[in-house]
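Participant: Spelled out, the chains give:
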Amino acid sequence: MENSGKFTIEAMDLENAGSVSSNIKKTLIGKNIPKHIIKRVSIAVYEAEINVVIHSYGGTCSYFIDDDKIRVVFEDTGPGIEDIEQAIQPGFSTANTQAIYYGFGAGMGLMNIKNASDIFNLTSSPKGTILDITINFN
Amino acid sequence: MTVQKIVEVIRGKELTPPIQKEDFELKYAFSGDLMSDALMVLREAPEGFCEAGILITGNVTMQSIRTAEMLDFAAILITRGKVPSQQVLEQAYNSNIIVLGTNDVSFSVCGKLYNAGIKGLSDL
Ligand SMILES: Nc1ncnc2c1ncn2[C@@H]1O[C@H](COP(=O)(O)OP(=O)(O)O)[C@@H](O)[C@H]1O
Ligand SMILES: [Mg+2]
Numbered sequence: 001m002e003n004s005g006k007f008t009i010e011a012m013d014l015e016n017a018g019s020v021s022s023n024i025k026k027t028l029i030g031k032n033i034p035k036h037i038i039k040r041v042s043i044a045v046y047e048a049e050i051n052v053v054i055h056s057y058g059g060t061c062s063y064f065i066d067d068d069k070i071r072v073v074f075e076d077t078g079p080g081i082e083d084i085e086q087a088i089q090p091g092f093s094t095a096n097t098q099a100i101y102y103g104f105g106a107g108m109g110l111m112n113i114k115n116a117s118d119i120f121n122l123t124s125s126p127k128g129t130i131l132d133i134t135i136n137f138n
Numbered sequence: 001m002t003v004q005k006i007v008e009v010i011r012g013k014e015l016t017p018p019i020q021k022e023d024f025e026l027k028y029a030f031s032g033d034l035m036s037d038a039l040m041v042l043r044e045a046p047e048g049f050c051e052a053g054i055l056i057t058g059n060v061t062m063q064s065i066r067t068a069e070m071l072d073f074a075a076i077l078i079t080r081g082k083v084p085s086q087q088v089l090e091q092a093y094n095s096n097i098i099v100l101g102t103n104d105v106s107f108s109v110c111g112k113l114y115n116a117g118i119k120g121l122s123d124l
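Protein sequence lines correspond, in order, to chains G and B.
Residue numbers for the first sequence follow the numbering used here, beginning at 1 and rising by one.
Residue numbers for the second sequence follow the numbering used here, beginning at 1 and rising by one.
Hints are computed from structural coordinates only; laboratory data are not their basis.
All C-beta atoms in this analysis are idealised placements derived from N, C-alpha and C, irrespective of residue type, glycine included.
Incorrect hints may appear among the rest.
Claimed, not checked - Simulated coverage check for chain B against chain G, where a stretch passes if three residues somewhere in it have a Cβ under 8 Å from a Cβ of chain G:
id : stretch
1  : 23-36
2  : 39-49
3  : 60-67
4  : 70-82
Stated by the list, open to error - In silico SDA-like links for lysine to any residue, alpha-carbon gap of 20 Å or less:
id : chain 1 : residue 1 : chain 2 : residue 2
5  : G       : Lys25     : B       : Gln86
6  : G       : Lys25     : B       : Val9
7  : B       : Lys27     : G       : His36
8  : B       : Lys27     : B       : Val9
9  : G       : Lys26     : B       : Glu90
10 : B       : Lys82     : B       : Asn103
11 : G       : Lys69     : B       : Val9
Sequences are here, hints too, so could you generate the full structure?
Facilitator: Here it is as structure tokens:
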């Protein structure tokens with residue numbers, strides 16, 4: 001199985017959203033990693049993928065698997081997050097009705113990703129947002 | 001509880017073609033329409049909870065299937081007689097997730113399953 005890869009994520013494509021996370025999850029299942037860690041990674045990556053789909057103009061997801069950790073980087077092309085502190089607060093959301101119809105927009109994604117991650121870095125400008133997370137395998 | 005028994009208890013039906021799951025026994029359930037809620041609450045759920053669990057929801061979109069996949073749910077129960085699209089059912093089938101349907105509202109079907117011995121996170 002591959003130890004790294006890169007995917008494209010389309011804006012507002014809520015029918016296919018989740019396919020990147022599914023791919024990464026399947027890659028991890030092929031390795032000797034504890035099940036609860038695979039679930040933690042899957043959840044964090046899925047919420048992050050959904051964010052690129054519902055809040056950005058589209059972007060990419062790159063992952064890098066080591067013996068003891070996985071790093072996943074999401075980069076999009078804007079419009080960016082105005083106030084990162086506020087965005088992470090549970091309950092804050094600018095999601096539109098379509099995102100809500102699909103079950104998202106509760107404003108809990110970023111906090112869940114942060115709590116699931118061992119390293120969480122979120123940077124943003126109007127040109128785009130970069131979410132860089134690492135989850136240890138033990 | 002076996003899939004057949006659940007279908008009987010909820011007076012519902014299986015929407016996906018029969019999926020062979022070795023010795024599958026339903027023990028747990030989680031109910032909600034917000035996928036982020038399920039993803040947050042169940043992230044650190046006890047080992048085996050979702051694997052022997054059913055996600056009860058009125059969300060019939062592709063993302064309820066994806067959420068079940070990320071959480072390792074064995075099955076999904078769609079309430080209020082909503083019918084998922086063929087694509088959604090195919091996605092579930094390919095992900096080895098059983099989809100059941102009932103005309104009941106979530107509250108009523110949760111009660112029936114609880115009475116039959118299915119447990120929630122707070123009961124563990
Ligand atoms: N990639 C992104 N690009 C622009 N804004 C984002 C991005 N990710 C998150 N946000 C902003 O942060 C808010 C909170 O995100 P999150 O906690 O995942 O909740 P939700 O996705 O349910 O709105 C979003 O509503 C949005 O305003
Ligand atoms: Mg989100």
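Participant: If a hint holds in the structure, say so; if it doesn't, say that too.
Facilitator: Quick rundown of the hints versus the structure:
1. 23-36: holds (count 4)
2. 39-49: holds (count 5)
3. 60-67: holds (count 6)
4. 70-82: With 3 residues closer than 8 Å to chain G, the stretch 70-82 of chain B meets the three-residue bar; holds.
5. G:Lys25 with B:Gln86: 24 Å, violated
6. G:Lys25 with B:Val9: 34 Å, violated
7. B:Lys27 with G:His36: Holds, because 19 Å separates the two Cα atoms, which is no more than 20 Å.
8. B:Lys27 with B:Val9: Holds, because 14 Å separates the two Cα atoms, which is no more than 20 Å.
9. G:Lys26 with B:Glu90: Between Lys26 (chain G) and Glu90 (chain B) the Cα gap is close to 18 Å, so the pair holds against 20 Å.
10. B:Lys82 with B:Asn103: Given pair Lys82 (chain B), Asn103 (chain B) holds - Cα atoms ~8 Å apart, limit 20 Å.
11. G:Lys69 with B:Val9: 44 Å, violated
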